[in-house]
Amino acid sequence: MLSVWAISRLVAGKDLRVEWRSRVVSNQVVPFAALMMVMFAFALDSDTVLKRVAPGLVWLAAMFSLLVIVQRAFAVETADGALDALRVAGVRSAGIFLGKALALAAQLAVLELILLGAAIVLYNTHIVGSGIALLVCTYLTATVGLSFVGTLYGGLAAGAKGRETLLPLLMLPVAAPVLIGATRATEAALGTAGATTSDGWPWIGLLALFAVAFGVGGTLAFGSLIDE
Amino acid sequence: MEPVVELVDVVAVLGAFPALAGATLTVARSEIVLLRGPNGAGKTSLLRLCAGLLAVERGTATVLGVDLVRDRTAVRPRVGLLGHSNGLYADLTVADNVRFWGATVGASTDEVQAAMGRMGLTDRLADVSVSKLSAGQRRRTALACLIARRAELWLLDEPHAGLDAAGRDELDTTLRAAAAAGATVIVASHELERAGSLATRVVQVVGGQVR
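If you're matching them up, the sequences are chains A and B in order. Under the working numbering, think of the first position of the first sequence as 2, with each following residue one higher. Under the working numbering, think of the first position of the second sequence as 32, with each following residue one higher.
Just so you know, not all the hints are guaranteed correct.
Now the stretches of chain B that chain A is said to cover, found in silico as 3 or more residues with beta-carbon under 8 angstroms [what the hints assert, rightly or not]:
#1 141 to 154
#2 230 to 236
Facing chain B, according to a computed beta carbon distance under 8 angstroms, are these residues of chain A, among others [to be verified]:
#3 Met2
#4 Leu3
#5 Leu17
#6 Met40
#7 Ala42
#8 Asp46
#9 Arg73
#10 Val77
#11 Gly82
#12 Gly91
#13 Ile181
These aren't lab readings, by the way, just hints derived from the structure by calculation. Quick caveat: nothing in here was measured; it's all calculated off a predicted structure. We put the beta carbon where it would ideally sit given N, CA and C, even for glycine.
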């Protein structure tokens with residue numbers, strides 16, 4: 002029997018290959034996220050305000066885009082009964098969970114970089130040298146945490162009626178700590194809202210704890226979520 | 032030789048509904064057994080029980096030497112269940128799909144190629160996206176995935192559905208070849224005419240019981 006790690010690499014590779022062939026994230030989700038950043042600018046219509054709230058807007062856009070990516074990731078599995086087939090084939094559910102989270106994280110990481118770039122261009126945000134390490138840590142921990150929670154709740158909602166509306170209802174409240182922590186840490190990294198780099202590191206602790214909790218919990222619980 | 036499937040007075044429920052009400056069935060290796068019966072008779076439930084997806088409430092059930100009462104998940108990697116859906120990824124090619132499913136059991140490149148070859152999926156179809164295939168071609172791809180996964184017991188629920196006459200004949204040829212190669216096949220079907228051309232034995236399922 003293949004190890005959990007081997008299964009997770011296999012599933013992640015498959016998910017990324019599906020995205021490579023279909024280009025749904027690159028051709029639809031990225032424009033959607035960019036459009037959100039533009040709409041935020043229209044709605045707030047003040048350079049001072051936009052610069053101040055840029056970190057929060059980046060992570061808001063990331064979370065809303067994550068909903069679309071997760072929906073897509075599990076629509077691919079349920080369209081022709083593939084997730085059922087994986088379960089029937091006795092493929093280790095922990096490997097399926099970690100593999101889908103890994104693929105999700107890869108896509109999310111690219112999206113977040115694009116959103117940060119959009120914030121720099123649209124909201125006149127700057128990256129300061131002293132905050133780069135904090136910014137990288139924020140991105141890594143928040144991305145991992147969001148990927149784990151997205152995969153867990155994506156699996157939960159996959160078989161349910163009304164899953165398109167159920168997923169946001171389930172996922173957004175749970176992901177709120179990531180939104181708060183990532184926003185505060187990014188503010189500290191960028192020096193916005195009067196925050197300094199030292200203000201940001203405690204939030205990394207929260208983000209890391211969240212990622213570990215949902216990583217372990219998801220690995221253990223995913224099997225029973227997708228099983229009958 | 033030990034039977035591949037041995038069910039004795041098996042009772043299984045779906046919620047409060049008795050899906051199987053004392054089913055007894057023995058299937059030997061390389062047999063092709065056709066399950067016939069009206070809708071709601073328990074054919075699908077019988078297949079899902081053999082696949083380790085449905086819990087045994089009462090009775091004894093052994094599939095491929097695995098006691099389903101003790102641990103029904105242990106039999107899953109060795110069984111291939113093909114229901115109304117094919118379990119394929121539409122955006123991937125035929126080769127991608129077969130390679131992926133073969134990789135779940137560590138199948139080699141040669142094994143994957145052989146599985147595709149047996150289903151006539153090499154050459155021009157290998158690099159075609161599944162979304163562009165006909166129903167019959169998708170069904171062949173799904174069967175190639177079963178072969179690549181080295182499934183010893185094939186459980187097929189209405190596999191002829193959606194296929195034209197040529198496709199159905201082709202499927203029957205495939206199933207006979209699989210049985211000749213050592214697989215055991217149980218097919219649930221309404222296709223009365225398939226009994227003679229395909230199955231080594233026909234079994235009636237009525238009211239959750241096997242006759």
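Here is how each hint holds up against the structure:
no. : hint       : result
1   : 141 to 154 : violated (count 0)
2   : 230 to 236 : violated (count 0)
3   : Met2       : holds, 7 angstroms
4   : Leu3       : holds, 6 angstroms
5   : Leu17      : violated, 11 angstroms
6   : Met40      : violated, 30 angstroms
7   : Ala42      : violated, 34 angstroms
8   : Asp46      : violated, 40 angstroms
9   : Arg73      : violated, 11 angstroms
10  : Val77      : holds, 6 angstroms
11  : Gly82      : holds, 3 angstroms
12  : Gly91      : holds, 3 angstroms
13  : Ile181     : violated, 36 angstroms
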